[in-house]
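Protein chains: 2
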Amino acid sequence: LAEREHGNLVIIGGAEDKRGPCVILRQFVELAGGDEAVVAVITAATEDPDAVSRSYRDVFERLGVRELLIVRVDRRADAFEREPVDRVERASGLFFTGGDQLRITSAIGGTPLYDALYKAYEKGTVIAGTSAGASVMSDTMIVGGEDDEAPKLCTTAMAPGMGLLRQVVVDQHFAQRGRIGRLLSALAQNPFVIGVGVDEDTAIVVRPSGVFQVVGSQTVTVLDGRAVVHTNASESSPSEPLALFGVILHILPTGHGYDLTRRTPLGPGDFQSEERAGKSNMAKGPRGQ
Amino acid sequence: LAEREHGNLVIIGGAEDKRGPCVILRQFVELAGGDEAVVAVITAATEDPDAVSRSYRDVFERLGVRELLIVRVDRRADAFEREPVDRVERASGLFFTGGDQLRITSAIGGTPLYDALYKAYEKGTVIAGTSAGASVMSDTMIVGGEDDEAPKLCTTAMAPGMGLLRQVVVDQHFAQRGRIGRLLSALAQNPFVIGVGVDEDTAIVVRPSGVFQVVGSQTVTVLDGRAVVHTNASESSPSEPLALFGVILHILPTGHGYDLTRRTPLGPGDFQSEERAGKSNMAKGPRGQ
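Those protein sequences? They're chains X and S, same order as listed. In terms of the numbering used here, the first sequence opens at residue 86 and continues consecutively. In terms of the numbering used here, the second sequence opens at residue 86 and continues consecutively.
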């Protein structure tokens, strides 16, 4: 497979471990260069950037990054300033915190800061996001909806995301908030997309090849709409439950993965054989994992 | 298809409408004979049989049944008495209330009352159950588990059910309590079964042919494990998230359905054409539905 020229993505379902072994954040740090890493934490999503910055400064310093930069974007005007752009350009890894995904895109979309982070991504910088920071990764993102609900058009509000991951709609806090209904609603409206539901304390590490591997304590649910033979999404009123026949569902725990291009699930063995063959730019796990 | 000799099942996901149009309960009454119906409400599942009896007496009398019988089973000894057996034998429709599914099976399983209701089922009596009363329908039933959780062996406790529906595991309050994880856990342990998750205020009407149609305001989720290519259920520790590749998922709102024998989803048109051809013993909808 020809690898596209961009960085890895680390898409985290929220509530990742910050006190224990920090398996997910450690993997992000490794991808950003380990003890050479310069990590920029972008707090655009949160209403409490001070507390969130402190929390991530603590954990990333403990994980041994060389430098920790905070990119604070409280208002859209901040995304036109030189300072945050400089920090994004200097970083070897970018990290979007949780909060509200619309705060990220409405503040950053179409600004010099967005251009800087997209350029960084193209030149190979790893970009991570948790919770709201996970949702913004795809072309179209889910911005709201009802948890624990049957799929309906009205249960899922969508908006343009940051466009780092194509043909995918990501949802987060997935099992813990009962969100399969809202992800299926997105899928029903265009079965072309692959729905990726990431549980809390769980992440996917997406390589440039379009293969991702799961890391963390829970699971990732993949909903593949390619085989859908029927949906009534275009005829349904907003509050009417949708019909959807033939979604393919995979549950992927740590070590397992998925090829987004070939739409095939992968077992731990698939990654080991790639590693042995030396063909892979797969993220190396941390010591002792 | 040769129709087996038994009654219809009405399997309700709990919280069915009892004050408005009562679409589900009305369909059950129609199947039990309409204004000729003799309905026996079996309160074995509940700890408050008085209040539950009153509630169903109100609604079934309003829906015009000829006679309403209460079958109270507070302790297992009650299921050996003549009176409850007589009532089950006289009824044209049996209705299991909600509560705790283990109360039903531990009180009734292997008693003369169970024999009476199984015989009634074989001679064509419709049997309905809501919530706990829905779970007991299958060979193996889910008796407990974590809501809003990734599938793990420990999230789903199972026990023998009443065996009225083969090859199926039913779950109820499905979307509303985020139960896909526990149903997938059941499926992972034997992908032979079809997982049927019934939402609140929603039911499946299962005909003797093995075809069911959905009625009610929400949806039914069907999880078909036949195409599963991989699961690690046998190697996993109880609290470890499971891997499961290739489950086929269907979302079925009212009017839609599923053929449990052929494992194919059905649209409203499939039922209409059957009706036109006069080949079906499908439940007729109530007037004005």
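Hints should not be assumed to be uniformly reliable.
[Stated by the list, open to error] If you want a taste of the chain S side facing chain X, the calculated C-beta under 10 Å gives, among others: (1) Pro-236; (2) Leu-238; (3) Ser-319; (4) Pro-323; (5) Leu-327; (6) Val-332.
[Unchecked claim] Sample of chain X residues at the chain S side, in silico, Cβ under 7 Å: (7) Glu-132; (8) Ala-235; (9) Pro-236; (10) Leu-238; (11) Ala-244; (12) His-258; (13) Gln-303; (14) Ala-328; (15) Leu-334; (16) Thr-346.
Please keep in mind that the hints were generated in silico from the structure rather than gathered at the bench. Here the structure is a predicted model, which is why all the values come from computation and not from measurement. Every residue gets a Cβ at the ideal spot worked out from N, C-alpha and C, and that includes glycine.
Hints and how they fare:
1. Pro-236: Pro-236(S) check passes; min Cβ-Cβ to chain X is 6 Å, inside 10 Å.
2. Leu-238: This hint is violated: Leu-238(S) lies away from chain X, its Cβ roughly 12 Å from the closest one there, beyond 10 Å.
3. Ser-319: Check failed: Cβ of Ser-319(S) comes no nearer than 14 Å to chain X, outside 10 Å.
4. Pro-323: 14 Å, violated
5. Leu-327: Holds, about 6 Å.
6. Val-332: Nearest chain X Cβ about 4 Å off; hint holds.
7. Glu-132: 25 Å, violated
8. Ala-235: OK, holds: Ala-235(X) within 7 Å of chain S, min 4 Å.
9. Pro-236: Since the shortest Cβ distance to chain S is 6 Å, the answer is holds.
10. Leu-238: Hint violated; Leu-238(X) Cβ to chain S Cβ min 12 Å, cut 7 Å.
11. Ala-244: 24 Å, violated
12. His-258: 9 Å, violated
13. Gln-303: With a minimum Cβ separation of about 5 Å from chain S (threshold 7 Å), the hint on Gln-303(X) holds.
14. Ala-328: 5 Å, holds
15. Leu-334: 4 Å, holds
16. Thr-346: With a closest approach of 17 Å, the Thr-346(X) hint is violated.
Checked against the numbered hints above, the structure violates hints 2, 3, 4, 7, 10, 11, 12 and 16; every other hint is satisfied.
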